[in-house]
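**Student:** Chain residues, written in single-letter form:
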Amino acid sequence: QQQVRQSSQSLTVWEGETAILNCSYENSAFDYFPWYQQFPGEGPALLIAIRSVSDKKEDGRFTIFFNKREKNLSLHIKDSQPGDSATYFCAASPPSGSWQLIFGSGTQLTVMP
Amino acid sequence: ETAVFQTPNYHVTQVGNEVSFNCKQTLGHDTMYWYKQDSKKLLKIMFSYNNKQLIVNETVPRRFSPQSSDKAHLNLRIKSVEPEDSAVYLCASSDNAETLYFGSGTRLTVL
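Protein chains in written order, with the numbering used here: chain A, 1 to 113; chain B, 1 to 111.
What the hints contain is simulated information worked out from the structure, not anything from laboratory work.
For glycine and all other residues, C-beta sits at the position ideal for the given N, C-alpha and C.
One thing to keep in mind: the hints can contain errors.
Said to hold, decoys possible - As a list, the in silico DSBU-like pairs of lysine-lysine whose alpha-carbon atoms are at most 30 angstroms apart: (1) K40(B) - K78(A); (2) K56(A) - K41(B); (3) K40(B) - K57(A); (4) K44(B) - K71(A); (5) K68(A) - K41(B); (6) K44(B) - K56(A); (7) K41(B) - K78(A); (8) K57(A) - K41(B).
Claimed, not checked - If you only want the chain B side, here are some residues facing chain A, beta carbon under 10 angstroms, derived: (9) S94; (10) A97; (11) G105.
As the list claims (entries may be wrong) - If you anchor each label on the Cβ, the simulated ranges turn out as follows: (12) N96(B) - G60(A): 21 to 31 angstroms; (13) Y10(B) - S10(A): 19 to 29 angstroms; (14) E82(B) - I20(A): 31 to 41 angstroms; (15) R62(B) - L46(A): 28 to 38 angstroms; (16) S65(B) - D79(A): 39 to 49 angstroms.
Bound-form chain B, shown alone (with noise of 0.2 angstroms):
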């Protein structure tokens, strides 16, 4: 039973351009994340949204930037990919930051 959709399930683009994924959950929780899941599987997550408070990875570059319009939505907007963006993006949602409710992913190739 999916309750986090992300869409596209996939996007290949070209080195310079920018792109941007969706994620809506309809679980009525409070905050809502992104997570970057590289070829070796590693997770590793990028931000976090709560109450319109973003906590961002100091590690993740500054091209990347969420969007949300309200607590269901959080979109990733990506200005100017590089090669080593392409990946799995994975939006989650959460109402106790313990118990994450993933989407299936979107994958990234960038030419």
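The following block holds chain A by itself, in its conformation from the complex (with noise of 0.2 angstroms):
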């Protein structure tokens, strides 16, 4: 039972381009989204993250919108670039209290030169 889902293995765009990594979520107790990226060799660390009660998170080039509603969120990435190949972690947190974060599958992105 996969609690979230992240709808693409892998993705490629060109430098320059939007990327959308799309994920959705089964339980809607969930209230913590954070996405976490990770380069091949290391652990994966915190990009940015969205609570339920927003819609929309930005931080730099990196924006999450988050639609409560449809259990689904997106991370957009824009002007991307070649740095920004890893792989995307979308997870969810149920309210405080619960003892982990359930993680999504992973999006790997690939941004061409």
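Combine both chains into one complex, guided by the hints.
**Tutor:** Structure below.
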């Protein structure tokens, strides 16, 4: 049972384009949604996160759009750079008291120069 | 800036051997975790350890056991490794169960 789903295993865009990575979830009790970025040979690192009370969170070239009614969210990477090539994990957390984040299966983004 | 340190980076062993991986965090966090990342990059939580309270993912085989001497250290021991244990093992720490800080992982290959 996959509680957090990332629809694409991989995505390729050209440098300068906007990359859009999609994520959906099943449990309406989830209220915190971080995106983690992982480069080869490294562990995942928090990139940006949103809470369910918001519908948008922006940090530089990275924006999360959140749709609570549809139970989905997306990560937009504007002006993609080759250095953005990495695996991106969507995750979700139930309200405080839970012991774990639930990760999606990841989307491998390749930005072609 | 690395704050979660894992050793070794790589380990190759044979079926049936025992292995042990180390993890140390310098962030002062109360909670540490072990995750398994398979060849498809799926992240699966194995253990969470907070204030001597251990939470185990019930799908983890019994040959896996965490070992902690203090809140800054959480090691992982695998008794009698099997081929399906080949993976990257990631240690993480957190102070709020929301933001995880991961180490760079230990890649285990079981021949």
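**Student:** Hint by hint, note whether the structure agrees.
**Tutor:** Hints, verified against the model:
{"no.": "1", "hint": "K40(B) - K78(A)", "in the structure": "holds (27 angstroms)"}
{"no.": "2", "hint": "K56(A) - K41(B)", "in the structure": "holds (27 angstroms)"}
{"no.": "3", "hint": "K40(B) - K57(A)", "in the structure": "holds (29 angstroms)"}
{"no.": "4", "hint": "K44(B) - K71(A)", "in the structure": "holds (22 angstroms)"}
{"no.": "5", "hint": "K68(A) - K41(B)", "in the structure": "holds (27 angstroms)"}
{"no.": "6", "hint": "K44(B) - K56(A)", "in the structure": "holds (28 angstroms)"}
{"no.": "7", "hint": "K41(B) - K78(A)", "in the structure": "holds (25 angstroms)"}
{"no.": "8", "hint": "K57(A) - K41(B)", "in the structure": "holds (26 angstroms)"}
{"no.": "9", "hint": "S94", "in the structure": "holds (9 angstroms)"}
{"no.": "10", "hint": "A97", "in the structure": "holds (6 angstroms)"}
{"no.": "11", "hint": "G105", "in the structure": "holds (6 angstroms)"}
{"no.": "12", "hint": "N96(B) - G60(A): 21 to 31 angstroms", "in the structure": "holds (23 angstroms)"}
{"no.": "13", "hint": "Y10(B) - S10(A): 19 to 29 angstroms", "in the structure": "holds (26 angstroms)"}
{"no.": "14", "hint": "E82(B) - I20(A): 31 to 41 angstroms", "in the structure": "holds (40 angstroms)"}
{"no.": "15", "hint": "R62(B) - L46(A): 28 to 38 angstroms", "in the structure": "holds (32 angstroms)"}
{"no.": "16", "hint": "S65(B) - D79(A): 39 to 49 angstroms", "in the structure": "holds (47 angstroms)"}
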